[in-house]
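Trainee: Can you make the complete structure from the sequences, with help from the hints?
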Amino acid sequence: MSRDGVAVRLEGVELCYRLAKQRIPSLKEYAIHWMKGSLAYEKLWALRDVSFTVEVGDSLGIVGRNGAGKSTLLKVISRVLQPTRGNAKIYGSVAPILELGAGFDAELTGEENIYLNALLLGHTRREVDARREEIVAFSGLGDFIRTPIRNYSSGMVARLGFSVAMAWIPDILVLDEVLTVGDEQFVRQCERRMEEFLAQGATIVLVTHDVDAVRKVCRRALWLDEGRIRAEGPADDIVDRYLEFSGSA
Amino acid sequence: MGNERAMSQLFRYRDLVWALVARDLKVRYRRSTIGFLWTMLQPLLTMLVLTIVFSALFRFKLEHYPVYALAGIMFWNFFSQSITASMNSLKGNASLVSKLPVPKAVFPLATVIAGVINLLLALVPLFVILLVTGQPIRPAVLFLPVPILLAALFTLGAGLALSPLAVLFYDTIEMVEVLLTMLMYLTPIFYPMTIVPEHYRWIVRFNPMRSVLEIFRDPIYFGKIPPITHLTVATVVTVIALLVGVVAFRRSSARIPFYV
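Protein chains in written order, with the numbering used here: chain A, 1 to 249; chain B, 1 to 260.
I should point out that these hints are in silico values taken from the structure, not numbers from a laboratory. Using N, Cα and C, we set each Cβ at its ideal position, and we do this for glycine too. Please note: incorrect hints may appear among the correct ones.
[Stated by the list, open to error] Simulated DEER-style distance windows between Cβ atoms:
1. A:Y41 - B:R250: 18 to 26 Å
2. B:N207 - A:E11: 45 to 53 Å
3. B:V204 - A:E29: 15 to 23 Å
4. B:W202 - A:K89: 48 to 56 Å
5. B:S8 - A:E134: 25 to 33 Å
Mentor: Here's what the structure looks like:
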């Protein structure tokens, strides 16, 4: 599905959150303001003129301060948000883990959640049947898989979420600051799996404040600041520059 | 995203749609026997009350009134419950669609499918009533899949148009409920057209719900295939509702992840 070996291509992407000046949460108020022509919005640009390309099989780490637009950028890459302006071309299937436990039902057991979550990611029941045991084994949750996940710790939820999302090799794997919850052993297990993905030609985009993980997993990195790209290049260089800047600030 | 892309996306997520349908039905029939009985009992009780009120108090002559009313109530319950449930379903999953690239239409779609299954189950006691009251069941009931399909698509259109609004504005659901009540009285569900005074009849005639209801009730109550005029109007109304729904949904649902 990729074009000329490109997995992600963003051209002049801008993304604006329209915050209503006075909050208009009801239809009645909206209608009144609309008739009076007094709908005013404060525009908050989360992304400004963002252009970059990720090649197939590459791994990109995104670093930056809180509120720099990292998560918003991942949502654009995951096809959750449409850019206000500019062009975002995402080629192939995307497996996003933007938030731990997104799409989990606390009342369902781990096993039932495997199905629910995989279906939400666009897999079929048959595909899940074929991988179920593999997913349970990867998660290392053992007998807990048959208990409702409201009894799980956040680490266990993370294990389950990763095990589902990483059971199939996607064209693009998108991770948002979620690797940090698992224990040492599980994180290593995930890193190994990601290396396998990369070896098989998958693309990885990763946001994390754990700069060591960026150095380890990513070949390239992108430094985002106030919605703009501050720097882009080999992961080690970018992380060094980012750390230097953060240290001095 | 083009229309074909959206359709193929929905097809890819078909197993998710069925899982959502199954969950919806499971919740509905949770306390299995009581839940199932209630779905049957609720329209029956309403029918009983209406029969007493309308044939004893208001006195209009309509043969086999219980069947007339019950068919109407079943249709209306399907329509209004599916719309409210569509709105709640998208609202309940709004935070999810801001974290996963799930096609948002799966939620209203699954709700309407669950509603259709529920309607089919409710046909069972309806036929029992037909037998009990001595109203013959004619072969025309085999035509029912057509009106049920049209009613489902009409309802889907309305659900698609309204459900994103329920996420963006908290008061949408209560306002829609008021509108639905008004619309219910404007639809000849429990009264025949003949009791509407001549010079007000046009209001009921122009009600888009009416023909969709009549083609559902004709095979059951009159035991005949609905006239071509009603069928045509119902089809046109359904196509319009579906088109409006799809366009409105695609425009407003893209905004949902921004507001959650």
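Trainee: Confirm or reject each hint.
Mentor: Status of each hint after checking the structure:
1. A:Y41 - B:R250: 18 to 26 Å: 22 Å, holds
2. B:N207 - A:E11: 45 to 53 Å: Given about 50 Å between the Cβ atoms, the range holds.
3. B:V204 - A:E29: 15 to 23 Å: With a Cβ separation near 33 Å, B:V204 and A:E29 fall outside 15 to 23 Å, so the hint is violated.
4. B:W202 - A:K89: 48 to 56 Å: Holds, at about 53 Å.
5. B:S8 - A:E134: 25 to 33 Å: 28 Å, holds
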